[in-house]
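*Asks:* The chain contents come next:
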Amino acid sequence: MTERHVIAVLVDNEPGVLARVIGLFSGRGYNIESLTVSEVDAEAGLSRINVVTIGTPMIIEQIKNQLDRLVPVHSVRDLTEEGPHVETELALLKVAGQGDKRVEALRIADIFGAKVDDTTLESFIFRLDGQTEKIDRFIGLMKPLGLVEVARTGAVAISRGQEGI
Amino acid sequence: MSQEMTGSEIVLRALVDQGVDTVFGYPGGAVLPIYDALHVQNSIRHILVRQEGGAVHAAEGYARSTGKVGVVLVTSGPGATNAVTGLTDALMDSVPVVCLTGQVPTHLIGNDAFQEADTTGITRPCTKHNYLVKDIDGLARTVHEAFYVARSGRPGPVVIDLPKDILQGKGSYTPPSVNGHRSYKPKRKGDIDRIEEAAAAMAQAERPLFYCGGGVINAGPKASHLLTELVKLTGFPCTLTLMGLGALPASSKQFLGMVGMHGTYESNLAMHHCDLMINIGARFDDRVTGKLDEFAPHSKKIHVDIDPSSINKNVRADIPIVGDAAHVIEDLTKVWKARQYRADRKKLDAWWAQIDEWRGRDCLKYQSSDTLIKPQYALERLRELTKGRDDVFITTEVGQHQMWAAQFLPFEKPNHWMTSGGLGTMGYGLPAAMGVQVAHPDALVIDVAGEASVLMNIQEMSTVAQYRLPVKIFILNNEYMGMVRQWQELLHGGRYSESYMDSLPDFVKLAESFGAVGLRAEKPADVDGVIEEMIAVDKAVIADILVDKAENCFPMIPSGAAHHKMLLGPDDQADNPISEEGMVLV
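These protein sequences, in sequence, are chains A and B. Numbering follows our numbering, with no gaps: position 66 of the first sequence is 55. With positions in the second sequence counted from 1, the corresponding number in our numbering is that position plus 1027.
These are computed hints drawn from the structure, not numbers from a lab. Hints are supplied without guarantee of correctness; some may be wrong.
Stated by the list, open to error - Here are the simulated DSSO-like cross-link-like pairs (lysine-lysine), alpha carbons at most 27 Å apart as the crow flies:
1. B:Lys1373 / B:Lys1280
2. B:Lys1592 / B:Lys1566
3. B:Lys1536 / B:Lys1592
4. A:Lys53 / B:Lys1216
5. A:Lys90 / A:Lys132
6. A:Lys53 / B:Lys1280
7. A:Lys53 / B:Lys1214
8. B:Lys1536 / A:Lys53
9. A:Lys53 / B:Lys1318
Unchecked claim - Per the computed footprint, the stretches of chain B lying under chain A, defined by three or more beta-carbons under 8 Å from a beta-carbon of chain A, are:
10. 1139 to 1152
11. 1327 to 1340
As the list claims (entries may be wrong) - Residues on chain A that point at chain B, a partial pick, calculated with CB under 8 Å:
12. Gly16
13. Glu50
14. Pro61
Glycine included, C-beta positions come from ideal geometry on N, C-alpha and C.
Start from the sequences, fold in the hints, and give me the full structure.
*Replies:* Pasting the structure below:
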């Protein structure tokens, strides 16, 4: 049985570190659903990689152990396994159209709580954050209404409670 | 304020402070500054190989026979790419190696400059870690860190890519730091609760078996000593992997021989039927497990490994213990003694009776011949004629001869057996033997070779000549890539596609052309004389042993089969054709 896991990896912010992580996934045939990376502590030179992956429990355990033995990796946390966590993703959607379709797009955006970041007479750029499935649903609805382009960040997540990574 | 030095001087100073006395390398444009600095010092000896691949294998041989880190120095571009096979080999077999590669000056990186290659990119998946030094202030620290990473935890190869302008620039030297690494801190001590649990399981076992591997060798000679004590104390049988040979003396009555595809019948059957498997420093490699879903189906498994990613990778462990083999064996022994555990004598005796019955099959027996030299016979004679010496180091190439060497040669101590296990690199043995001989100038170093493998790095005969290394190359010459031929016979209907070694050199003359001694044995009666002369001569020797061309290596677990489905010899082979399923595996 495969499972979806959100894994947070704290790494030294140094050249090649992302290539190490990605190379590990491709070299060993693991899946990457999404991956985000950004510096999170400039003073300590640390970046955080949030990776969503799918695999059997044995593969998920392997992924964590393989990540953990990379030299520049400070810590690996499986947020899915550890319990309650907040997970969100950001998407920008460009929807073009006129007349009823345009009105309907704006109405659905409002229902989803998407923000209008930019508009022209023929198009909108919507910004929506939230769970991956919510964004999937929103994109699905926008398709017949003139969806032109999507940019998504992939999920970022953080555990609940007072403990840090 | 410390004194200003050039980057090259910093590198050499750091090597000296890391205890390095020997470097295997080959110069080129990008590393000329280091070679210049090498020229004016006496602390480090440089061994000039004939191709960079040879340098890495030589460093591996040096490292595995001494327990120290092997050091390689090569130039940019082709120097680095030629090192890739050796680096991968060292990664697969957990050999500590630091490889310094030259690089084009930093301002040219990315410009497709002459002899530029993306060395860190190319070597990322085949090293434990790698560095590109872009700032001279970090140079010394990087070299020290590279040595720490190479030797700690599960050892492995580390590349340091050194742009030429960094080597020529000026900076200050930083001595090795006593502070640990900021992120890489492998666990050495095993969890004591788990060790208690393991000891309790051992006390209750009816059919226990130690299954130990290269992790015990890598944990230092002390680990092998402790293992030998524990095996004695418990009275349990013990099998070793290809990489683990020497961790328990081959002369121990409790040693069942090697396990795996060409392991002994008693080892593999004991693996299949045991009720408790105590794996220390082995990784359930596919060459050992055979068919995974039929692997040791009745056993509880203890798995001790310093690398957490080895645990639960192929086989689920019931009692996983992350830690250094020496520490864990020591703690396990303490618990066993403190709790006054002892094996149930009656049940253990019954288990040994079963094992002795399997032993009675005499799985390594072969059909002897008066006219043809059987490869097994040649190795038996080598074993007899080197008996009693404790300074014999064996390296091998890859193939049938390697498996026969593992089966027929006795390893009493760790670090005396150097073979390419994980990667299976033909051409490993000759350069590895050079590295061993450099580290142990007075020892008897023998490369048990095949005629096909040895040709892959035969250029290193020139290095052997230059440094007067008295290595002995013992070629079991069957004029075939023997293992390829064996698989073609067993799996591909005897269609020997491209496995015949045509146009071989005259190895006697080849030896002589390099100033070495060439010997040849054509019939069984020649073998003893050739071996005796090979040992007696204080020079490099190529002994060309013309063996039976059709001999196959048995016992054998066909790929895709379980342990209890071993083929014991040519007769078995006819009765048990290999399944389609097995054919797709390697």
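*Asks:* Compare the structure with each hint and give your call.
*Replies:* Results of checking the hints against the structure:
As the CA atoms of Lys1373 (chain B) and Lys1280 (chain B) are separated by approximately 18 Å, the hinted pair is consistent with the 27 Å bound. For a cut-off of 27 Å, the pair hint linking Lys1592 (chain B) to Lys1566 (chain B) is broken: about 45 Å separates their Cα positions. The hinted pair formed by Lys1536 (chain B) and Lys1592 (chain B) fails the criterion: a straight-line CA distance of about 45 Å is larger than 27 Å. Of the pairs offered as hints, the one joining Lys53 (chain A) and Lys1216 (chain B) holds, with about 21 Å between alpha carbons and a cut-off of 27 Å not exceeded.
Restraint check for Lys90 (chain A) and Lys132 (chain A): the C-alpha separation of about 11 Å stays at or below 27 Å, so the hint holds. Pair hint Lys53 (chain A) plus Lys1280 (chain B) does not hold up; C-alpha atoms about 41 Å apart against a cutoff of 27 Å. Pair hint Lys53 (chain A) plus Lys1214 (chain B) holds up; C-alpha atoms about 16 Å apart against a cutoff of 27 Å. Note on Lys1536 (chain B) and Lys53 (chain A): the hinted pairing is violated, with a Cα-Cα distance of about 55 Å set against a maximum of 27 Å.
For the hint pairing Lys53 (chain A) with Lys1318 (chain B), the CA-to-CA distance comes to about 26 Å; that is within 27 Å, so the pair holds. Look at the stretch 1139 to 1152 of chain B against chain A: 4 of its residues bring a Cβ nearer than 8 Å to a Cβ of that chain, three or more, so the hint holds. With a cut-off of 8 Å between beta carbons, the stretch 1327 to 1340 of chain B has 6 residues touching chain A; three or more are needed, and the interface restraint holds. Interface hint status for Gly16 (chain A): upheld, as the beta-carbon distance to the closest one in chain B is roughly 5 Å, under 8 Å.
With 8 Å as the threshold, the beta carbon of Glu50 (chain A) comes within range of chain B, its nearest partner Cβ sitting at about 6 Å, so the hint holds. Against a cut-off of 8 Å between C-beta atoms, the interface hint on Pro61 (chain A) holds, since the closest Cβ of chain B lies about 6 Å away.
When the structure is compared with the earlier hints, violations turn up for hints 2, 3, 6 and 8 and for no others.
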